[in-house]
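Chemist: According to our numbering, the sequence shown is numbered sequentially starting from 1.
Where hints are given, some of them may not hold.
[Claimed, not checked] The calculated lysine-lysine pairs, modelled on BS3-like cross-linking and capped at a C-alpha distance of 30 Å, are:
| no. | residue 1 | residue 2 |
| --- | --- | --- |
| 1 | Lys38 | Lys15 |
| 2 | Lys15 | Lys33 |
| 3 | Lys15 | Lys69 |
| 4 | Lys69 | Lys33 |
Derived by calculation from the structure, the hints in this document are not laboratory data.
Since we're looking at a predicted model, the values are computed, not measured.
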Amino acid sequence: GFLSSDIGDFPSLEKLLLTDNRMQGSIPSEIDKLSSLKDLLLSYNSFTGSITYLPMVLDSLELQSNRLKGDVTFEASNKIGPFVSDCGSPSWFKNVLICVECTQCCN
C-alpha cells in the first residue's frame with residue numbers, strides 16, 4: 001500500500017507504526033503536520049525518496065530497510081530518542097540516508 005497525504009489530517013496522532021507492512025512510494029511531506037507524533041516506525045517497507053526535514057520531537061524513529069536517500073535534518077530543538085536507519089555503510093550502497101543523529105546503523 002501507500003501512505004496517503006491525508007496522514008496530515010491527524011495532527012493529534014502520537015504513534016505511526018507501519019513496520020513491515022509492504023508499504024511503498026514516497027513518505028508524504030504532510031507528515032510534518034503531525035505535531036504530536038512521538039514514534040515514527042517505518043522500517044522494513046519499500047518507501048522511496050527522502051525525508052529532508054522532521055519538525056516534530058520524536059521519542060523514536062526507525063527508517064531502516066527502505067529505499068530512502070538523502071540527508072535527514074531535524075528541527076534544532078528536536079531531542080530525538082533512538083534513531084535506527086541505513087546510514088551509508090558500506091560506501092557502495094546507492095540509496096542511503098545521511099544522518100548525523102543515528103543511534104544505530106543497519107547496513
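Chemist: For each hint, tell me whether it holds in the structure or not.
Modeler: For each hint, the structure was consulted:
1. Lys38 x Lys15: Satisfied, since the Cα-Cα distance of roughly 6 Å is no more than 30 Å.
2. Lys15 x Lys33: holds (13 Å)
3. Lys15 x Lys69: holds (23 Å)
4. Lys69 x Lys33: holds (21 Å)
The structure fails none of the hints (numbered hints given earlier).
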